[in-house]
Amino acid sequence: MKFGKKALAAGIMASALALSACGDSGSSTDAGGSGDSDKVYIAMISKGFQHQFWQAVKQGAEEKAAELGVEVTFEGPASETEVDGQLQMLQAAIDKKPDAIAYAALDPQACIPLLEQAEAAKIPVVQFDAGCDSEYPVNLAQTNSLDAGALAADHMAELIGGKGEVGIVGHSQINSTGVERRDGFVNRMKEEYPDVKIVDIQYGDGDHLKSADIAKAMIQANPNLKGLYGTNEGSAIGVVNAVNELGLEKGKLKIIGFDSGKAQTDAIRDGVMAGAITQDPIGMGAATVEAAMKAINGEEQEKLTGTPFYFYNAENIDDPEIAPVLYE
Amino acid sequence: MNAPLLKVEGVSKSFPGVKALDDVHFDVSRGEVLALVGENGAGKSSLMKILSGIYVKDAGTIYLEGEPVEITGPRHAQDLGIIIVHQEMNLMPHLTVAQNIFIGREPRVLGFLDERRLNRDTAVLLARLGISEFRPTDLVENLTVAKQQMVEIAKALSFDAKVVIMDEPTSALTQTETDTLFRLISELKASGIGIIYISHRMEELSRIADRITVLRDGKYIGTRERTAVTQHEIIKMMVGREINENARPATMRADNVDDVVLRVEGLSTKKLLRDVSFELRRGEILGFSGLMGAGRTELARAIIGADRTTAGKIFVNGVETTISQPAHAVAKGIGYLSEDRKQLGLLLDRDVNTNILLSSLGRYANFLGFMKTGPGKGTSRKYVESLRIKTPSIFATTKNLSGGNQQKVVIAKWLARDCDILIFDEPTRGIDVGAKEEIYRLLNELVERGKSIIMISSELPEVLRLSHRIIVMANGRITGELTSNEAEQEKIMDYATRISQ
Amino acid sequence: MSKTTTTTAAEKPVGEVTGPSRGSFLRDRLQQSLAFGTLIVLLIFFSLASSNFLSWSNISGILLATAVIGILAFGTTLVIVTAGIDLSIGTGMTLCAVVTGVLLVNWELPLLVGVLGGIATGALMGFINGFNVSVFKLPPFIATLAMMMIAQGLALVVSGVRPIYFSGVDGFKEIALGAIIPGLPNAVLILFLTGIAAFLLLSKTLLGRYTFAIGSNEEATKISGVNTGKWKILIYTVAGIFTGIAGVVIAARLDSAQPQLGVGYELQAIAAVIIGGTSLMGGRGSILGTLIGALIMSVLINGLRIMSVQTEWQNVVVGVVILVAVFTDSLRRRREA
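Residue numbers (the working numbering), protein chains in the order written: chain A, 1 to 328; chain B, 1 to 501; chain C, 1 to 337.
Read the hints as simulated data drawn from the structure, not as lab findings. Any given hint could turn out to be false.
Here are a few chain B residues that sit away from chain C, every Cβ distance over 10 Å (derived from the structure) [claimed, not checked]:
| hint | residue |
| --- | --- |
| 1 | H232 |
| 2 | G318 |
| 3 | T373 |
Okay, the calculated bits of chain C under chain B, using three or more residues with CB under 8 Å as the criterion [said to hold, decoys possible]:
| hint | stretch |
| --- | --- |
| 4 | 198-209 |
| 5 | 213-219 |
| 6 | 224-233 |
DMTMM-like cross-link-like pairs, simulated, lysine to aspartate or glutamate; straight-line CA separation at most 25 Å [stated by the list, open to error]:
| hint | chain 1 | residue 1 | chain 2 | residue 2 |
| --- | --- | --- | --- | --- |
| 7 | A | K252 | C | E174 |
| 8 | B | K189 | B | E204 |
| 9 | A | K250 | C | D170 |
| 10 | B | K7 | B | E204 |
| 11 | C | K137 | B | D349 |
| 12 | C | K173 | A | D266 |
| 13 | C | K204 | B | E115 |
| 14 | C | K173 | A | E328 |
| 15 | C | K204 | B | E106 |
Glycine included, C-beta positions come from ideal geometry on N, C-alpha and C.
Turn these sequences into a full structure, and let the hints steer you where they fit.
Put into structure tokens, the structure is as follows:
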């Protein structure tokens with residue numbers, strides 16, 4: 001495991017050689033100067049770091065890393081629209097020559113050339129949350145957002161009695177989770193619940209304030225609205241704020257949110273919000289690190305790891321299955 | 001009582017590489033007008049900035065009413081009673097007259113501005129000065145330059161002024177306006193205020209100065225009683241050599257007389273110009289005279305397509321031409337040299353080379369748009385040499401050149417573009433006496449080489465001296481045309497004031 | 001910085017009658033009345049287009065949506081009138097919200113301390129901006145761009161990259177959502193109160209006078225004996241206070257301090273100021289105009305949302321409105337010249 005000064009002196013060539021023999025169990029190096037040079041080092045490039053969801057992924061990854069005695073770094077752009085900024089982070093990560101890279105693609109196409117670089121540098125790549133349209137990565141730990149959106153639709157339809165008008169406050173019409181959570185919802189409604197009418201879909205970039213103003217306008221414009229679906233934490237809280245600000249009767253308008261966060265769990269306990277879909281971000285972080293270790297060790301693994309998602313409401317929010325995957 | 005009001009002794013000021021003032025001394029008494037003259041760069045403005053507290057002097061002493069004073073800033077100078085009327089308008093165009101005059105001294109009630117008292121105080125002040133041309137509540141941006149100048153003066157006098165320093169106050173004024181200014185000055189004199197009057201204009205000095213102090217290259221040259229000295233002597237002190245003031249234009253070459261390069265017929269614009277027609281011949285300097293606002297600059301702008309015309313035709317070399325933007329004019333070989341060189345004529349922060357080549361850059365680029373530097377430099381060097389532009393190299397920053405040499409750079413720019421018709425708007429404004437001669441000589445050389453020049457100038461001696469023919473404008477129309485033989489100042493002024501036609 | 005109006009003015013005919021002050025007053029108001037007209041047209045259009053638009057709850061929603069941007073825009077109007085710009089107000093607002101959160105939630109200090117702490121943070125940022133602009137002579141664009149990034153980073157650092165919830169703080173939410181005047185959210189009341197304060201500041205005080213003077217001709221103002229450096233620091237500080245107030249209002253409205261919010265808010269505020277007829281070149285502007293500008297933006301966005309216009313097209317429409325506003329302004333200026 002240990003690489004001394006000699007190896008360092010031998011420089012990048014040596015580490016490249018070492019990596020080229022990566023079937024060789026445990027052989028690893030750290031040319032990137034991330035301090036502790038004898039630990040396996042995994043660079044995680046996320047879609048963001050400010051949202052609580054990513055903080056939870058980070059937490060899961062770090063816990064798993066501590067358990068396995070490896071080092072992870074976790075970084076992501078300030079906003080989920082900064083495709084370019086994220087690619088630069090990925091480039092820097094490749095240049096650091098970590099033992100593995102874990103990547104969550106903001107854009108499925110833009111990342112392809114960089115993953116080719118990683119392949120050339122023989123750095124194994126695993127993915128989480130959203131994949132890149134490249135054959136190289138060995139694993140993708142992902143919540144199936146289409147299915148998650150469909151689950152939200154099932155519950156919404158049930159709550160409003162199978163018919164009526166609903167609206168969607170989306171967080172992005174570009175990135176894949178935004179699109180799939182919307183499409184999963186819309187398609188399920190179309191296929192299974194023909195009497196449910198989706199009257200409006202608008203996007204608030206996950207900005208709480210903007211989402212609140214959007215939800216208010218939607219409620220004003222559609223007096224018969226029975227339900228609203230917020231596709232991420234910021235969107236869902238925006239909807240909750242709108243209902244509170246308009247002083248609507250609690251629970252009259254059915255709200256289904258996504259992810260967790262204190263404001264959202266409070267709203268669910270309080271009855272303002274009917275329920276939400278949660279992924280398991282902590283589990284996703286842990287699964288990602290595990291997949292990376294497998295890749296480093298050359299173990300075979302499935303291309304796709306489906307990380308679970310759940311619907312939770314005031315009744316099951318404290319269940320042992322749900323409570324651990326919710327974050328504050 | 002016998003101590004002079006303001007006395008400056010042994011004042012020096014250096015900037016990196018330049019000694020702006022070197023042991024300068026002068027004094028001014030109560031009720032006296034002291035004219036301070038000198039070429040550009042003689043140190044007048046540095047001296048002013050020291051007196052107004054913007055610069056700190058390196059050495060020397062300033063005495064106010066016999067007491068030595070250290071002036072620490074603009075506010076302090078004002079408090080001491082040393083007031084400056086600046087050459088460049090130092091007004092806030094978006095504020096009203098009253099707000100400008102009392103800037104920094106606003107009356108207030110309970111922390112809020114007392115606009116009513118502000119306007120009342122201003123009205124009283126304007127009445128005292130006999131100014132009725134504008135009101136305290138008028139926005140300064142809506143006033144003419146002359147009226148803005150009067151606002152400046154009213155502002156200066158709103159302080160308890162002891163010494164008033166005026167920097168080129170008449171440079172933008174018409175004759176009547178200048179008269180009004182001089183009336184104000186004599187009132188100031190009568191009330192015991194000492195006036196330091198900075199000017200280029202010799203004829204003005206003989207009207208109002210009591211004594212004249214000459215500076216040259218930052219040094220004190222001498223002081224003369226106005227009654228005991230001629231203009232000629234003063235100019236000699238300023239430039240350190242003889243200047244011929246009464247030259248007349250060289251005669252045009254006879255073979256050019258019928259060769260009309262530019263013909264303008266019935267040109268009118270929406271705002272001002274009415275049915276303007278004239279011809280310009282090869283090798284001719286055609287002078288355009290008139291009062292401020294007569295429409296001369298507007299005419300030039302209409303010809304080059306900078307302003308829209310409502311009627312009229314333009315013929316270049318006998319061919320009717322549509323010129324709807326300055327680029328067309330340039331393509332037809334017409335170059336316009338704006339009076340405002342600093343804003344419109346030059347990139348001051350760039351080098352001489354760039355400026356000379358600016359209009360003809362396209363010629364020095366290859367088909368990909370990359371610049372071919374060699375031939376360009378050759379062109380620049382050629383003009384620097386032939387126009388005798390005084391610059392350390394063609395890569396010197398234009399800002400550092402004197403006004404006269406900057407003007408030459410502008411000329412070089414249009415020559416490099418092969419312009420055969422040059423329209424000069426106030427070619428020597430802001431250029432000192434010695435350099436003026438140089439520009440005059442250059443204009444003569446240009447026409448000898450077959451160029452044709454339209455020269456717009458407000459300085460009658462200049463028009464008389466250079467123009468083969470003189471066209472006088474008033475109120476947007478041509479009111480008279482004179483040949484150089486019949487032209488004299490009185491006739492021109494007669495035409496120029498025929499406003500009510 | 002000194003602008004020469006001399007060339008154009010010099011060529012005015014001697015005998016031309018200078019417009020009396022009332023004429024110029026009207027002309028100055030033209031952009032505003034134009035903006036006001038736009039606002040009325042929008043209101044009429046949307047009420048015809050959707051019967052749900054002109055309800056009191058929607059109008060109150062529009063006003064509430066205007067509050068944060070409006071308050072930011074008031075402060076930045078002052079800065080823009082000096083021919084400056086303040087890009088730090090968006091993320092600065094977030095930092096103020098986060099500081100309020102730390103004071104009230106983490107340190108459990110009294111409500112007033114938290115609110116004043118947030119506002120003081122804004123003032124401090126404004127002071128630093130002003131100091132950098134006046135003393136270090138940094139271009140306002142650069143100085144405040146740097147501050148924008150610093151504030152963005154600090155907001156994340158101070159909050160620990162997580163939202164701070166005020167659910168335990170009694171009365172905090174009411175700062176924005178309570179209603180001292182029944183039916184009118186307090187945030188809207190604060191919008192109007194800060195508007196009045198900014199109006200008085202800009203048109204009735206020395207600070208306002210020097211704001212215009214500096215924007216009109218800074219050099220001349222300085223030569224007139226006004227300590228322009230000191231006043232600029234003060235102007236930026238005052239703008240910072242407005243940023244702080246906006247920070248408290250947004251935190252109260254969301255009942256939480258969201259550290260990742262704020263980017264882009266500065267541009268919306270600047271757009272409101274420009275639509276309201278304040279000139280980026282300085283010397284010209286008004287608070288009433290800014291209020292109208294902010295209302296135009298939120299009426300427009302709300303109306304488009306009510307009409308279920310796609311989000312993408314909403315942005316396009318807002319962009320076009322900004323272009324039209326700035327274009328008419330330059331058209332007016334050209335006519336003046």
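Hints, verified against the model:
At the 10 Å boundary, the C-beta of H232 (chain B) stays outside the reach of chain C, the nearest C-beta of that chain being 31 Å off. Under the 10 Å C-beta cut-off, the non-interface status given to G318 (chain B) relative to chain C holds; the minimum distance is some 31 Å. Consistency note on T373 (chain B): stated as away from chain C, and its beta-carbon is indeed over 10 Å from all of that chain's, at 31 Å minimum. Check result for the stretch 198-209 of chain C against chain B: holds, 6 residues qualifying (beta carbon to beta carbon below 8 Å, three or more required).
Note: the stretch 213-219 of chain C has 5 residues with beta-carbon separation from chain B under 8 Å; the three-residue rule is met and the coverage holds. Counting residues of the stretch 224-233 of chain C whose C-beta sits closer than 8 Å to any C-beta of chain B gives 4, which meets the bar of three, so the coverage hint holds. For the hint pairing K252 (chain A) with E174 (chain C), the CA-to-CA distance comes to about 23 Å; that is within 25 Å, so the pair holds. Note on K189 (chain B) and E204 (chain B): the hinted pairing holds, with a Cα-Cα distance of about 16 Å set against a maximum of 25 Å.
For the hint linking K250 (chain A) to D170 (chain C), the alpha-carbon distance of about 21 Å falls within 25 Å, and the restraint holds. A hinted pair counts as satisfied when its Cα atoms are at most 25 Å apart, and K7 (chain B) with E204 (chain B) qualifies at roughly 24 Å. Pair hint K137 (chain C) plus D349 (chain B) holds up; C-alpha atoms about 19 Å apart against a cutoff of 25 Å. Between the alpha carbons of K173 (chain C) and D266 (chain A) the distance comes to roughly 15 Å, so the proposed pair stays at or under 25 Å and holds.
Between K204 (chain C) and E115 (chain B) the alpha-carbon distance is near 8 Å, which keeps this suggested pair within the 25 Å criterion. Taken as a hint, the K173 (chain C) and E328 (chain A) pair is honoured in the structure, with Cα atoms around 20 Å apart against an allowance of 25 Å. Annotation: proposed proximity of K204 (chain C) to E106 (chain B) holds, straight-line Cα distance about 11 Å (limit 25 Å).
Of the numbered hints given earlier, the model fails none.
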